[in-house]
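Chains A, E, S, U, G, C and D, in that order, are what the protein sequence lines are. Its first residue numbered 39, the first sequence is counted upward by one per residue in our numbering. Its first residue numbered 335, the second sequence is counted upward by one per residue in our numbering. Its first residue numbered 15, the third sequence is counted upward by one per residue in our numbering. Its first residue numbered 4, the fourth sequence is counted upward by one per residue in our numbering. Its first residue numbered 9, the fifth sequence is counted upward by one per residue in our numbering. Its first residue numbered 56, the sixth sequence is counted upward by one per residue in our numbering. Its first residue numbered 1251, the seventh sequence is counted upward by one per residue in our numbering.
Among the hints, erroneous ones may be present.
In silico PhoX-like cross-links for lysine-lysine, where the CA-CA straight-line distance does not exceed 25 Å [stated by the list, open to error]:
1. E:Lys537 to E:Lys523
2. U:Lys110 to D:Lys1287
3. G:Lys350 to E:Lys432
4. G:Lys350 to C:Lys198
5. E:Lys432 to C:Lys140
6. C:Lys64 to C:Lys183
7. C:Lys147 to C:Lys100
8. E:Lys505 to E:Lys537
9. E:Lys342 to E:Lys367
10. U:Lys96 to D:Lys1297
11. C:Lys100 to C:Lys140
12. C:Lys100 to G:Lys350
13. C:Lys159 to C:Lys93
14. U:Lys100 to D:Lys1257
Stretches of chain C that chain G covers, calculated by requiring three or more beta carbons in the stretch to come under 8 Å of a beta carbon on chain G [what the hints assert, rightly or not]:
15. 99–105
16. 119–132
17. 186–194
Quick look at which bits of chain U chain G covers, simulated, 3 or more residues with Cβ under 8 Å [stated by the list, open to error]:
18. 43–51
19. 101–111
20. 356–365
Treat the hints as calculated values from the structure; they're not laboratory data. Backbone N, C-alpha and C fix where the C-beta goes; we use that ideal spot for every residue, glycine too.
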Amino acid sequence: MTLERFLIIGAILFSIGLYGVLSKKHSIAVLMSLELMFNGINVTAVALSRYTVPYLLTTHSGEKVVQYLLTGQIFTIFIITVAAAEVALGLAIIIAIYRTHQSVLLTDSNQLKN
Amino acid sequence: MYGLGLIKGLGITMKNLVIPNRQFNIYQYPNKKVTPWDLAKINSSKTFPFIAKNPITTFKSLVGLVNVEERLPQHPNFRGEEFAWYDNRCTGCASCAKYCPLGIIKIVTGTSGVNSQEGQSYDLEVFDIDIGRCMFCGLCVEACPYDALHMGSGFEEAQYQRSNLVIDINKLKSAEKKPSTWFRPQLVKQGHDPITGDTADWKKVGRHEKPSLDDQSERWAKR
Amino acid sequence: MISDGIASSLAVEISFWIISISTIFSAIAVVQIKDLFRASLFLILTFLGVAGLFILLGAEFLAGIQLMIYVGAISVLIIFAILMTREIEISNQSHYMRILVSMVALGFMLLAISLITSTDWQLIDERSFPQNQTDEIINTVQNSIPTLSKMLLTEYVLAFEMVGVLLLAAVLGALALVREKK
Amino acid sequence: MTQIYFVQLIDFYSFYEMFYSIFQNLGFEKSSSWMSYIAAGGSLSFLAINLLVLATAFYTWFERRTIARFQVRRGPNRNGPFGLGQPFADVIKLIMKEDTIPSEADKPVFTIAPIALLAPTLLIITVIPIDDSSFLATLNIGILFIVGITSVNSIAIFMAGWGSRNKYAILGSMRGAAMLISYEIPMALGITSVLLIAGSLAMSEIVAKQEIWFIAVMPMGFFVFMASATAEMSRTPFDQIEAESELGSGYNTEFSGIKFAILFLAEFMAPIVTSAVVTTLFLGGSQGFNFLPGQFWFVLKMFVVIFALLWIRSTWPRLRVDQIMGFAWKILMELGFVNIFLIAIEVAILMDPVTGILTSQDMLIMAGINWVFTIITLVFLANFLGKRNYDRPDPVPSPLANMEPKGE
Amino acid sequence: MTGIRTEPVTVNLGPQHPSTHGVFRLRVTFDGEEIIDLEPVFGYLHRGTEKLAETRNYTQIVTLTDRMDYVASMSNNLAYVRTVEKLSGIQVPERAQYIRVICAELQRIASHLMATGFLLNDIGALATPLIYCFREREKILDLFEMLCGARITLSYMRPGGIFQDADSDFWNALDILIQELPHYLDELEALISKNEIVLARTRSVGILSDADAIDYGVTGPILRASRVKWDLRKANPYEIYNRLDFEIPIGVEGDTYDRFHVRLLEMQESVKIITQCIKQIEKGPIRANTPYFIRPKPGETYQSVEGPKGELGFYLISDGGVSPYRCKVRAPSFINLTPLKKMMLGWKMGDLITILGSIDIVLGEVDR
Amino acid sequence: MTEILDVSKIINEINKELPNCIVKNNDDSVWIRPDDIKKVCSILKNPQGLDFSFLTSISAVDYIGYFEIVYHLTSMRNNYSAIIKTKCYGRKNLALPSVIDIWKTADLQEREIWDLMGIQFQGHPNLKRILLWEGFDGHPLRKDYLGN
Amino acid sequence: MLDEYFKQYGIIAIFAAIAVALPTALMLISWILSILKVRPNNPSEIKSSIYECGFETITERWNQFNFRYYSIALLFVLFDVEVVFLFPWAVSFGIMSIEFGAFVMIEMIIFVGILALGWIYAWKKGSLEWS
């Protein structure tokens, strides 16, 4: 039960982010929604590593067990850093597009089609 | 060595914090908080007996609850408001009104009908000075041929309405005469100091005579 | 045990609900509010809520990182970008496929929730641990930072260095993109 | 020990026990545990916040008096003895003042901004150990918590500036946000050098490891941390957020009444909180001589730090915004990194390979090396920068003017 | 690096702004922090001094000149009465000339102290140097009070001399001041002009080259900071300046630092001048025998003195009546504002304030 | 001592290049035809010639019948000064060439003269009212200005 | 086992709640005082206009601002992430260097070196210059 509710929160955050990503016109809003998705995944990862049994748990020594328990956290650290890189680059691209097209709306920037 | 300037600066501010004679001359107008030592000095008794006698006052003054009045120090030359005007000297010649750059002195004279043989044929009916527009340049005082008008020494004449700032003849007559020594060498000679509350009647004020060169060298010209 | 710690305390329970509800509400606000600046403020609130969830999950170091990077850096970056581009108040709009997309998102959410609830999770309890080491493990989990750093610097050292490279690439690219050619 | 009395006064558990017994007597046998927990935590927090606010009120008085004295003035001296009633008079005045909100302002953001600025500043105090035990909470990630919480400040300043829709305010808050984020890095670097020796993020551990105060062990770390902390609370010489001569009043231009009071409170609480952090990290926390309790030493050290800040504030002018940024990114960053790796090498060499303990003797050796390093670096840097920026030739009269007549 | 093209924003600095030194208004256009355009707006303190002067007689105009540069009324008085004396051919007694020079130099010190203090205040030194400067300035104002009963608007000089001799109080206080002042000035210099932050803020900021300075017609410390060695006290000695020995300090490149450093050095020179005057002064009359209503012959004259802000000139035209036909003031603060744009473009907002501070304007004189 | 340059030298210098532009002269000042003022000024500023690099002030005087514009010039290198004058007749639509191209210091001073005396300077890039506000009626330093 | 842990964070949560509640309460008090007519509340058009030295605002609003702020923020993100890795490294540096020797040190030097490249790039390209 305790695990499930964290996972549900993660799923809800992810879906809200998904909705934002798919429906927003403003590209910065899309990026913000993307951050919501990242956060949902982070919550899920930490909760899973916290509550579920690593498959080798019983056969390893204590230190290893702890490491398995913290694997989700490690992954989350990397996700957060990657998210930082993603936001930096994404926003830079948005600004670069804005500079040439004077618009941040995704619906307006369709020169990639051609 | 660069960077020392910053540290030197710190040193200078610290010097100003610590050394007492760097203190700015701040006068806590209109009253100041006093320490027991000052209180003893004011009551002209020795410090320790005073403290022993008045422990409550001492404590109060230690926590800063005792105030004494403090005037701003002024030079007797200070040309302030509240003109000192002597009606027995004034002939109503209106030199002052003529000299005033702003024309704020209003003088109306009429025949007095008395003592016409003795020259007092004029009677001052109106003598208004609109202090609200006055800039205290003192040209009227400089102009007065009979030393009837003097600058005052006060500066606390704030009013709620502009119309109250006009000094009329009755106010001028009834006001306490504390003339400034500005442009009145004879008052300087007497050692008159309006700040300490010296008043001067019209006889005491004397006449403004241009000092001779010897006088100047004695009194003013130090070198 | 670990799970007991959370389950046992009513206060923790209450705070969980407060945190999760406020998180989800602010997440909804992020996608619903018109003013983009306010939306970004709600995004920050979501980040703070997620940090609270991390604390509930015993990952305090992650909560600190969440504060530092998400709240401190990424949101500042987003706000800067919002203020650099125009159309702040009007443009957090959805396009015409909004309803369809919301159906998709809702469907995904329901699917995920049904999957989550239907799965039989094998949860950690006392029996999972080697008997003799229970206390030690618990202690290490409580103070996880040395272990985390050890893992970062040994097992995940390649990832660790690659993150550096990734970040460098991202920032170099971003700087190059934003610069104006003369 | 004399400390016991104080410890009991502010310790969480004594509060807890007190409330526990009260609730037990009242008949809440089952739930008295968590009720007394909340009651104890709440009352202690309330006490702490009010103490902090009171301390800030006192601090504003202290700052005004001290700076006035530096400036050969007198400072507030009318309200109450020594003017001590001044802060209360100010507060009452500000509450009674009209609270105007600009019509164009983003009202919710404008209203929340003061809260968002005050709350993080207050929160920092929770993890600071005033005595051996923490005042409120002992976190494993103590210092990380502080670094994370302070980063909320830049958002709050943004909210204040953006919410008021005033050009000066937005300019001030943009500068402020840029400056705050710039100086967060050197501050973290300064903290990292402490962590290398302390080996823990918990504040009480850091205090416990200071057999020799870290200011003596790593003067460079102290310098870096202090400079960036000064910038973080935006005091001279880094006070770009307000910059009253340039921006009117910076981000709080439009605030009035109680909102201004809260902003003001947050702004003046920052030195107190920062000095507490500095005391914990570098000045040995509550360490001191035994004849007085640790809290006394802690507060004394805080006073010393605050006084130093005031001294600097009353002496030095303000740097320009690009110079401030340059200082953070070009000088403090380098110094911070060099300092970190130097200390890391020292730690690796000096640390006992078996026990992993640094004795105070080791720390003395480190202190020696670091002082020499710090002085040499700073002198070199000052001369290098000075030669480049401040050296200039003697004046040469322009040929375009000649006061002696040339003759016809 | 130009960066992304951003919208310039136009900001009003003043008239209600803490650091525009009065009711002066600047419409500044910023790109980020950088100034890309600016326009000064004048006239919030315009009182029509020149028009008023046409309806006052020659003595009464002295009181109007006080109100122009109200931190340096002595210099204004001196410039005006010199012009009237020249116009009507009055010979001034020597003692009066010495006292006038002493007053003018004291006033120069007072004005420069204020300028320096406010510049530091603009840089952000939290008023500490300002208050140290004011502490010294107060002593000078006390001297003026002894001399003529007023502290700011003095009206001390009259065509033909001064109206009242200085008495012994004044000389004693002046002696003490002259002994103390160099020490305080040294301290001031150590506090501010050696401070690295001040150097970083002011060096090479707002440079005005020597050719530009002359072209833009700036005078006073700003001109001298731009390496132009031009001081009317030496170039066109009036009163008794040719009997005195003093230096004309100049700057290195004409930046903000030079402008306030020249002022600091000039204060030292002024102290020297006063010391020499005290030594040389002799007893004698203080006012030529002039009528109150002066009626100069029809004609015109332009006379100028080196005021604290620059060349302060009066151009008087007489039609033989009791008041001038035309009284034109060459106000240094006003003309020194001409190169504002030249000095400020491309600098940051913080520099704008310091450059404006280093020009040392007084709005009473700018708007007249 | 700043000397007033002998008027004959100025006349010679001007006549070398622009004869017939001098209307009259007296002991210390030279009257120039208003149309030629700009050319004369550039001659006087010439560094090889008289080198009047410094324009001390521009004043305008209302003589009811005509306006007189007075240029006080100083040569900083040679330490002498000169006065150049010009006359503008009429009361309306007065115009003079601006000397802002020659001395930049003319900027604010010419604006002030336009504001208070109502003499337009042709070629001035920013000839607006300076001390009074836009839309002020009249030019108050004129002798016939009566206020409201 | 996590009781102690949650107690600590519980206090912080309570503290945070009170820290938010206190300024809110102050604002509420002020608002109530305005209802009770103890403090004035007479907004007018002039009073609620935006301060711009006594003038109407000239340009409408600050729409975009300078790129330099953004480049600073970009670099900040870079180094903030670095700090995140620096902290755990510093905390366990002593223990780890006993175990692994210079390896720990070198790792971090490489990491910092990689990020320093970005810093140097920004410096060389003038992103730190602001002019």
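Hint by hint, here is what the structure shows:
1. E:Lys537 to E:Lys523: 15 Å, holds
2. U:Lys110 to D:Lys1287: Holds. Lysine 110 of chain U to lysine 1287 of chain D sits at ~22 Å (cutoff 25 Å).
3. G:Lys350 to E:Lys432: With Cα atoms ~48 Å apart, lysine 350 of chain G and lysine 432 of chain E exceed 25 Å; violated.
4. G:Lys350 to C:Lys198: 36 Å, violated
5. E:Lys432 to C:Lys140: At roughly 36 Å apart (the allowed maximum being 25 Å), lysine 140 of chain C and lysine 432 of chain E break the hint.
6. C:Lys64 to C:Lys183: 36 Å, violated
7. C:Lys147 to C:Lys100: Violated, at about 31 Å.
8. E:Lys505 to E:Lys537: 20 Å, holds
9. E:Lys342 to E:Lys367: Answer violated: lysine 342 of chain E to lysine 367 of chain E is near 34 Å, above 25 Å.
10. U:Lys96 to D:Lys1297: Satisfied, since the Cα-Cα distance of roughly 19 Å is no more than 25 Å.
11. C:Lys100 to C:Lys140: 15 Å, holds
12. C:Lys100 to G:Lys350: 21 Å, holds
13. C:Lys159 to C:Lys93: Within the cut-off at roughly 13 Å; holds.
14. U:Lys100 to D:Lys1257: 41 Å, violated
15. 99–105: violated (count 0)
16. 119–132: holds (count 3)
17. 186–194: n = 3 at 8 Å, threshold three: holds.
18. 43–51: violated (count 0)
19. 101–111: violated (count 0)
20. 356–365: Not satisfied, violated; 0 residues make the cut.
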